[in-house]
Amino acid sequence: MAKAQGNLSAGILAAIRKRRPTVVNRDAAVNRGDIVIASYNIHKCVGTDGRFDPPRIAQVIAEIGADIVALQEADQRFGERAGLLDLEHLRREAHLVSVPISPFSEKGHGWHGNVLLIREGAVSDVRQLKLPGVEPRGALVVDLDLKAGPLRVIAAHLGLLRHSRARQAETLLKATADGAGRPTLLIGDLNEWRMGKRSSLSFLSPIFDPSHSAVASFPSRFPLLPLDRVLGNPHHLVTSVAVHDTPLARVASDHLPVKASIDLKVVQKDGPEGEEARLADAGQG
737 MAKAQGNLSA
747 GILAAIRKRR
757 PTVVNRDAAV
767 NRGDIVIASY
777 NIHKCVGTDG
787 RFDPPRIAQV
797 IAEIGADIVA
807 LQEADQRFGE
817 RAGLLDLEHL
827 RREAHLVSVP
837 ISPFSEKGHG
847 WHGNVLLIRE
857 GAVSDVRQLK
867 LPGVEPRGAL
877 VVDLDLKAGP
887 LRVIAAHLGL
897 LRHSRARQAE
907 TLLKATADGA
917 GRPTLLIGDL
927 NEWRMGKRSS
937 LSFLSPIFDP
947 SHSAVASFPS
957 RFPLLPLDRV
967 LGNPHHLVTS
977 VAVHDTPLAR
987 VASDHLPVKA
997 SIDLKVVQKD
1007 GPEGEEARLA
1017 DAGQG
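Those letters in the sequence shown? Residues 737 to 1021, by this note's numbering.
Just to be clear, a hint being listed does not mean it is correct.
Stated by the list, open to error - Below, simulated BS3-like cross-link-like pairs (lysine-lysine); rule was C-alpha separation at most 27 angstroms, straight line: (1) Lys1001 to Lys910; (2) Lys1001 to Lys883; (3) Lys933 to Lys910; (4) Lys843 to Lys780; (5) Lys933 to Lys866; (6) Lys780 to Lys866; (7) Lys843 to Lys866; (8) Lys866 to Lys910.
Said to hold, decoys possible - DEER-style ranges, computed between Cβ atoms: (9) Glu799 to Leu882: 18 to 24 angstroms; (10) Lys883 to Glu829: 20 to 26 angstroms; (11) Arg827 to Glu871: 29 to 35 angstroms; (12) Glu842 to Lys883: 32 to 38 angstroms; (13) His831 to Leu984: 15 to 21 angstroms; (14) Pro942 to Ala818: 39 to 45 angstroms; (15) Lys910 to Thr784: 33 to 39 angstroms.
Source of the hints: derived by calculation from the structure; they are not laboratory data.
For each residue, glycine too, the CB sits at the ideal point set by N, CA and C.
All chains, please: the whole structure from these sequences, using the hints.
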């Protein structure tokens, strides 16, 4: 058993070493016209020090400086399923507003704990998906009309069981089918560290590439596992990915936020012109 655990740890470390995170600077991304995305499992606002501290989570969200943020575990799981954050405070301090949905209760923020925050843009459609599996899980499918163009965001929190995650991945793929060519992001805590055929996320291929820019985000004090992902369709929609690793983020939740930059302008150009623009932005033109 000890030998098996050693092989498992070696496999995790090998997967992580092959994928060095690219540091994203929000100011540089904005200057390029990119949009900054983040995913953050806030662990019901309980930090690694055992403290329930919603204002501390709000500080981390403001610290990230993203334009679109997907949160997981933003509601109580049982009882009233009340929301745990001060959304008005986030609007004032981080300039982010919650995409309107039908929560489980009057006091709730999200759908199975999923909340999507946006800085600007219009919401043209929202769907709330119930995901299959042993545990109750869900996803939000949100169509946004941004200054840079249309974007579909699928914000999800997948289950702990591999078989459930595989079924949930198939369900999420169906949510991309009616996108009519709309660039799509799949973001959230996907609860999978494995790569390749052994990954429960392999069902997402080729629409999404689960191996693209996987960065270690869990546990926050010593991140080893790439549980939190930002995946794009088309694949070059996501230009860079990194963990948001600060002293505050390390203690606020057991997950570090994952931060990415996307370029809507390039993916909306068709044919050779779009490819030429993509290579030029990557420094290959």
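Hints, verified against the model:
1. Lys1001 to Lys910: Status holds; Cα separation ~25 angstroms.
2. Lys1001 to Lys883: holds, 10 angstroms
3. Lys933 to Lys910: Within the cut-off at roughly 20 angstroms; holds.
4. Lys843 to Lys780: Holds - the C-alpha atoms of Lys780 and Lys843 are around 15 angstroms apart, at most 27 angstroms.
5. Lys933 to Lys866: holds, 26 angstroms
6. Lys780 to Lys866: holds, 20 angstroms
7. Lys843 to Lys866: Given that 27 angstroms is the threshold and the Cα spacing comes to 20 angstroms, the pair holds.
8. Lys866 to Lys910: holds, 13 angstroms
9. Glu799 to Leu882: 18 to 24 angstroms: holds, 23 angstroms
10. Lys883 to Glu829: 20 to 26 angstroms: holds, 23 angstroms
11. Arg827 to Glu871: 29 to 35 angstroms: At 31 angstroms between Cβs, range holds.
12. Glu842 to Lys883: 32 to 38 angstroms: At roughly 33 angstroms between Cβ atoms, Lys883 and Glu842 fall inside 32 to 38 angstroms, so the hint holds.
13. His831 to Leu984: 15 to 21 angstroms: Given range 15 to 21 angstroms: holds, Cβ gap about 19 angstroms.
14. Pro942 to Ala818: 39 to 45 angstroms: For Ala818 against Pro942, whose Cβ atoms are near 40 angstroms apart, the range 39 to 45 angstroms holds.
15. Lys910 to Thr784: 33 to 39 angstroms: holds, 36 angstroms
Checked against the numbered hints above, the structure breaks none of them.
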